[in-house]
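Starting from the structure of chain C, add chains B, V and R where the hints point.
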Amino acid sequence: MLGADAAMQLVQTGATIMVGGFGLVGAPLALLEALGRSGASELTVISNNLGEPGQGLGALLRQGRIARAIGSYFTTNPEVISAHEAGTLEVTLLPQGTMTEAIRAGGAGIPAFFTPTGAGTALAQGKETRRFGERLCVLEQALYADVALIKAHVADRLGNLVYEKTARNFNPVMATAAACVIVEVDRIVDVAELDPEAIVTPHVFVDVLVERAA
Amino acid sequence: MLGADAAMQLVQTGATIMVGGFGLVGAPLALLEALGRSGASELTVISNNLGEPGQGLGALLRQGRIARAIGSYFTTNPEVISAHEAGTLEVTLLPQGTMTEAIRAGGAGIPAFFTPTGAGTALAQGKETRRFGERLCVLEQALYADVALIKAHVADRLGNLVYEKTARNFNPVMATAAACVIVEVDRIVDVAELDPEAIVTPHVFVDVLVERAA
Amino acid sequence: MSAEIRRRIARRALEELPAAGVVNLGVGIPTVIATLPEACGRIFIHSENGILGVGPRPPEDAVDPTLVDAGKRPITASPGAAYFDSALSFAMIRGGHIDVAVLGALQIDARGRIANWAIPGQPILGVGGAMDLLCGARRVVVTMTHLSSAGEPKIVPELTLPIGSLRPVDVIVSDYGVLDVSGGVLVLRELAPGITLERFTEATAALFKVGVSTNR
Amino acid sequence: MSAEIRRRIARRALEELPAAGVVNLGVGIPTVIATLPEACGRIFIHSENGILGVGPRPPEDAVDPTLVDAGKRPITASPGAAYFDSALSFAMIRGGHIDVAVLGALQIDARGRIANWAIPGQPILGVGGAMDLLCGARRVVVTMTHLSSAGEPKIVPELTLPIGSLRPVDVIVSDYGVLDVSGGVLVLRELAPGITLERFTEATAALFKVGVSTNR
Chain C
0 MLGADAAMQL VQTGATIMVG GFGLVGAPLA LLEALGRSGA SELTVISNNL GEPGQGLGAL
60 LRQGRIARAI GSYFTTNPEV ISAHEAGTLE VTLLPQGTMT EAIRAGGAGI PAFFTPTGAG
120 TALAQGKETR RFGERLCVLE QALYADVALI KAHVADRLGN LVYEKTARNF NPVMATAAAC
180 VIVEVDRIVD VAELDPEAIV TPHVFVDVLV ERAA
Chain B
0 MLGADAAMQL VQTGATIMVG GFGLVGAPLA LLEALGRSGA SELTVISNNL GEPGQGLGAL
60 LRQGRIARAI GSYFTTNPEV ISAHEAGTLE VTLLPQGTMT EAIRAGGAGI PAFFTPTGAG
120 TALAQGKETR RFGERLCVLE QALYADVALI KAHVADRLGN LVYEKTARNF NPVMATAAAC
180 VIVEVDRIVD VAELDPEAIV TPHVFVDVLV ERAA
Chain V
0 MSAEIRRRIA RRALEELPAA GVVNLGVGIP TVIATLPEAC GRIFIHSENG ILGVGPRPPE
60 DAVDPTLVDA GKRPITASPG AAYFDSALSF AMIRGGHIDV AVLGALQIDA RGRIANWAIP
120 GQPILGVGGA MDLLCGARRV VVTMTHLSSA GEPKIVPELT LPIGSLRPVD VIVSDYGVLD
180 VSGGVLVLRE LAPGITLERF TEATAALFKV GVSTNR
Chain R
0 MSAEIRRRIA RRALEELPAA GVVNLGVGIP TVIATLPEAC GRIFIHSENG ILGVGPRPPE
60 DAVDPTLVDA GKRPITASPG AAYFDSALSF AMIRGGHIDV AVLGALQIDA RGRIANWAIP
120 GQPILGVGGA MDLLCGARRV VVTMTHLSSA GEPKIVPELT LPIGSLRPVD VIVSDYGVLD
180 VSGGVLVLRE LAPGITLERF TEATAALFKV GVSTNR
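Residue numbers (numbering that gives the first Met the number 0), protein chains in the order written: chain C, 0 to 213; chain B, 0 to 213; chain V, 0 to 215; chain R, 0 to 215.
Just chain C, same shape as in the assembly (with noise of 0.2 Å):
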């Protein structure tokens, strides 16, 4: 357990970071303002969508600390398609379900793997591409980062999680996919006050918790 601070000292300039979270939900937003008051710039950031104009990563983003975006969809912030027009953010756009599988295979060990998501599009420019039956598929690469930073909704003390309604989404897999794992959670509780059958991520992929302040 540190604080959100200390954490974020592990987050290095140059880092690639994973981020959990559908838009603002379910991401760790305590996280993400430490991050801002840390030094950490020209990060890569593997997430779904960079917040929205100010608020979770897009707090960052104004701050010019994001030098690379990985994800699906960004549209919804306009400072995103500003950024990228101004040439200061580069921008790789996944299919969503690309996205979240290439994370899964990056935690699970998986370097690449064959999906039919994308094939013909102009997201499957230059990918490598082959025939299975009788549908086309792409190639897609595994997703790994330095760090990842999640949220969750209870952690016991030794970093078994549980997550809330559709807070849950990408953290999961972002969980399995990083050297460093930093998860954000409402309350922590003392072992095996979870139920052994409704953990979600087992302590094995947890490195740091984070208790957001009441």
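For the record, the hints were derived by calculation from the structure and aren't laboratory data.
All residues carry an ideal CB built from backbone N, CA and C; glycine is no exception.
Relax, there's no trap hidden among the hints.
Where chain C lies over chain V, by a calculated footprint (3+ residues, C-beta under 8 Å):
#, segment
1, 81 to 87
2, 126 to 132
3, 158 to 164
Computed Cβ-Cβ distance ranges for the label pairs, DEER-style:
#, chain 1, residue 1, chain 2, residue 2, range
4, R, R10, C, Q124, 56 to 66 Å
5, B, S40, V, A61, 54 to 64 Å
6, V, T34, C, P77, 21 to 31 Å
7, V, P119, B, F131, 29 to 39 Å
8, V, E151, C, M0, 52 to 62 Å
9, V, G210, C, T91, 40 to 50 Å
10, R, T200, B, S40, 57 to 67 Å
11, B, L1, V, I118, 46 to 56 Å
12, R, G183, C, G63, 41 to 51 Å
13, V, I4, B, V190, 28 to 38 Å
14, V, L35, B, M0, 27 to 37 Å
15, B, A212, C, T91, 51 to 61 Å
16, R, R198, B, S40, 57 to 67 Å
17, V, G210, B, D185, 47 to 57 Å
Chains B, V and R only, in chain C's frame:
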């Protein structure tokens, strides 16, 4: 909801079936008994093991109903070895992690994936390989079945499922990777009695529920 | 486009959905389907951000910030709903477990293939789950206005906007009528109330076969 | 092989495991580690059939038929244990999330690569998770008797039995001593009590470097 015998009429001669369980733990034993009473033969079975001598899938093997087995560990049932040596059973061996990943891929619409497991060993013979970074990897194809026979602990009337301890094993992935998914459960409860956060297999994957006779 | 037209298209599209089917509803007109009283309890709604069993919108004082649909709007959960992560959600989609995806479209070609993600003249910075749904759902129903806001036909011989998938859609429901995609061609199944075959033809730039030409 | 020798090897292997590390224990001597009183609470035991947090064996009258390890023997669950499916379990293994796998070996070559799955003279009908663990765990510790039951060296210049992975193991703990695999060669780190360097060399068919040659 069907009885076990009625449900097993959905398994036709020559079908490819997946059967959950790690040995007999988490295997759908009542469904397998009913399958023994049905006329289906020449089955291709995708399962980690073929039960124990005369038990579970072992009973079907003894009846000569299984033509081909795809799995990871058959040596605990000596009758598999004798059937294989007699030439009556064709066996395809996969590393256990590759087998479960191939089933997950089949359920997730991923036709093939690269994995480092097995590269350079006898189990990679004849398979395409490719180097990713320093690691040699094998291209493995997805597995998909006509029917999956799985075992869950509790279902609600919609077909949402939860499992019990290590009886979970292959059952959730197999629930995703067959045209028809038949589930043996200990108990069926009303809709909304299961915790939406703890449901492991959402009902979209389930076709038929069979309640184990009390 | 008036809310009434959108509702009429949504109501007609609902009839294309199998009872108790698992359906994913895209942003726009498809989402209107979820708000129809006659949809209530008839279908199971999947939202790709991680829920099966989307219920009606909550009253404003009962909004739960952790419970949204893929359009990031507040929702409720129906009895029997389940939550899951995004990997399992897209496994459902890509693996063919969603009975029907109802999607909007910017353009449709003569073979039923659609452009549904890249907005003309803008940098390509958003795709979301559009390609996954188009590629993976067992059946795809398009709901849209027959003409663009500029009054141009959206059903065209060849797409000029970026294609979403090589896979053609199955049914197109517009304010002008219903088309099936069958054997690689468009087949008019039904004209909307008040729309003549002549007017439908004028508003459709691609060739199509006429199946049933009568209004409902 | 006496139970006492197995326990001695297991006890020595336990010292190679990091405190609070996540460890997978293969069938045979590795499993003995879990039964050592000094192991209790020191490590988290992962079993590939779907549990993190394997606890001590239950008394016979408290066996739960749904709770077994990868050897299908009854177990208990420790406080803080979690259950998961086999896909996530092997994602942990292949994805490098298991700190140490402790495995048996039939043979080890001069570069530290092992044969650990196909039994000589039998049809190849079982592999289980052996290759996944060998390939994916962050660190692999082999526990074995130094000689085969026929009295032959198991550490040989070249494998004659089928290889389990191209990846070499990290440490070998036998009843004769402890070897590290370092820079592609075997390095003797420690001789077991009562074993001389001469006797160790006689019992080892492959070449090895001598690091520390004293007994503990």
